[in-house]
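Chemist: Using the sequences provided together with the hints, build the complete structure.
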Amino acid sequence: MTKAAPFAEIWRGPFLESVHSGHAVICDETGQIVEAWGDPDLVILPRSSSKMIQALPLVTSGAADKAGLGTEHLALACASHNGAAIHTDRVGAWLDTLDLAEDAFRCGPQWPDDDAARHGLIRAHAAPCQIHNNCSGKHSGFLTLAKHLGAGPEYIDPAHPVQQACLSAFEEATQETSPGYGIDGCSAPNFASTLHGMARAMAHFAAAPEGSPQTRLHQAMRLHPELVAGEGRACTELMRATNGTVALKTGAEGFYIAILPEQKLGIALKAACGTTRAAECAIAALLVRLGALDAQHPATLNRMNAPILNRRDVVTGILKPAQTLLQ
Numbered sequence: 001m002t003k004a005a006p007f008a009e010i011w012r013g014p015f016l017e018s019v020h021s022g023h024a025v026i027c028d029e030t031g032q033i034v035e036a037w038g039d040p041d042l043v044i045l046p047r048s049s050s051k052m053i054q055a056l057p058l059v060t061s062g063a064a065d066k067a068g069l070g071t072e073h074l075a076l077a078c079a080s081h082n083g084a085a086i087h088t089d090r091v092g093a094w095l096d097t098l099d100l101a102e103d104a105f106r107c108g109p110q111w112p113d114d115d116a117a118r119h120g121l122i123r124a125h126a127a128p129c130q131i132h133n134n135c136s137g138k139h140s141g142f143l144t145l146a147k148h149l150g151a152g153p154e155y156i157d158p159a160h161p162v163q164q165a166c167l168s169a170f171e172e173a174t175q176e177t178s179p180g181y182g183i184d185g186c187s188a189p190n191f192a193s194t195l196h197g198m199a200r201a202m203a204h205f206a207a208a209p210e211g212s213p214q215t216r217l218h219q220a221m222r223l224h225p226e227l228v229a230g231e232g233r234a235c236t237e238l239m240r241a242t243n244g245t246v247a248l249k250t251g252a253e254g255f256y257i258a259i260l261p262e263q264k265l266g267i268a269l270k271a272a273c274g275t276t277r278a279a280e281c282a283i284a285a286l287l288v289r290l291g292a293l294d295a296q297h298p299a300t301l302n303r304m305n306a307p308i309l310n311r312r313d314v315v316t317g318i319l320k321p322a323q324t325l326l327q
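Residues 1 to 327, numbered by full-length UniProt numbering, are exactly what the sequence shown covers, in order.
These are computed hints drawn from the structure, not numbers from a lab.
One should not assume that every hint holds.
Calculated cross-link-like contacts (lysine to aspartate or glutamate; reagent style EDC-like; alpha-carbon spacing at most 20 Å) [claimed, not checked]: (1) K3 / E210; (2) K3 / D65; (3) K147 / D65; (4) K264 / E210; (5) K264 / E35; (6) K320 / E9; (7) K66 / D96; (8) K66 / E35; (9) K264 / E172; (10) K147 / E210; (11) K147 / E102; (12) K66 / E29; (13) K320 / E17; (14) K3 / E35; (15) K147 / D99; (16) K264 / D313; (17) K264 / E29; (18) K264 / E102; (19) K147 / D157; (20) K264 / E231.
If you're wondering where the values come from, they're calculated on a predicted model, not measured in any experiment.
Modeler: Right, here's the structure in full:
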C-alpha cells in the first residue's frame, strides 16, 4: 500500500508538534485521477460522505416525486444535521406526510449537537428521540422509499429492498463491486469502495446533466447548506464560502467529499488518523488549490491556518495544511 501523505501540521511556536496524514483523490468527469496523495486504491468506508449516493434510489425510483419532496427534503436526505429546530421540525413534518411516527425510525436517539436544542431538552428534563439523530433525514428518505416499494419496516437490513437499491446505486456510482459493508452509527449498512471509486462517484455527480437525480441532490445540498449540517459546521460554512458552487459532505473517521459541478471534478479524502480537524483542513486546502475557495475567507481560516487557543484565549499554535496539498 502506498504510504499516507502529509495532510495537516500542528505548529506550537517554532516547533512542528504533530502531523496528520491521509489519502486523497481528485477525479475528472471521465473518472480518471487528476491528482492523488497517498493510496488511491485504499479500501475505505465513506460513512456519511456517501449519503447522496444512498439518496439516489429515493429519486431514481420516483418515490421522491410521488411523495412531493422538495429541495429541503433532498438536502436533509443527504444531511448529518445538528438536531436544531430547523432540522427536527422538518423531519417531523416529513414523517407526518408518511403517516408514520418517530418509532418507525431505526437510527436510534441522539443528543443534538445544536446548543439551543440540547439545552432545551435538559431544561425540560426530556430525553432526545430518534428525530434528533443526525441521520434522521437520511432515514426519512429510506422510509419514503420503503413505502414506495411496498417493503417491510426493517429498512436497515442489508437484505431489505431499500438497502439493495442503495448497494446497486453505490456500485454503479463508484463503478466498482463493493467488497462488503460495515454498520454505520445510525445502524444502516455502509458499503465499502476504494478511495478512487468514491472520487469517481463524486465526479459522476459533478458532471451529471441538469435535471438528473445526481444534480437534483447536489443542487439541494448547495441550496440549503444549513440543512446539510448546521451553524458552526464545516460543511455548512464552507459551502456558503464557495457561494453555493460546491457541495461538501463530511463522514465519520476523517472522511470528506466534494462535488464541483463547474469544474466537473470530484474529491474524496480520508485522514488516516480518523480526526475531523485533519479532514477539514485537507478539504479546505484542496478547494483552495482548485480555485473554488478563497484562502482568506473566515470559514477557510477556521479550518486551514487556524489559530490554536489555550484556555486564556492565548494563541499557542496553528493548524495548517501540508505544503504538498497546496503546491
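Chemist: If a hint holds in the structure, say so; if it does not, say that too.
Modeler: Tested hints:
no.: 1; hint: K3 / E210; verdict: 39 Å, violated
no.: 2; hint: K3 / D65; verdict: 45 Å, violated
no.: 3; hint: K147 / D65; verdict: 13 Å, holds
no.: 4; hint: K264 / E210; verdict: 13 Å, holds
no.: 5; hint: K264 / E35; verdict: 14 Å, holds
no.: 6; hint: K320 / E9; verdict: 5 Å, holds
no.: 7; hint: K66 / D96; verdict: 15 Å, holds
no.: 8; hint: K66 / E35; verdict: 41 Å, violated
no.: 9; hint: K264 / E172; verdict: 18 Å, holds
no.: 10; hint: K147 / E210; verdict: 27 Å, violated
no.: 11; hint: K147 / E102; verdict: 15 Å, holds
no.: 12; hint: K66 / E29; verdict: 31 Å, violated
no.: 13; hint: K320 / E17; verdict: 12 Å, holds
no.: 14; hint: K3 / E35; verdict: 16 Å, holds
no.: 15; hint: K147 / D99; verdict: 10 Å, holds
no.: 16; hint: K264 / D313; verdict: 41 Å, violated
no.: 17; hint: K264 / E29; verdict: 6 Å, holds
no.: 18; hint: K264 / E102; verdict: 39 Å, violated
no.: 19; hint: K147 / D157; verdict: 15 Å, holds
no.: 20; hint: K264 / E231; verdict: 28 Å, violated
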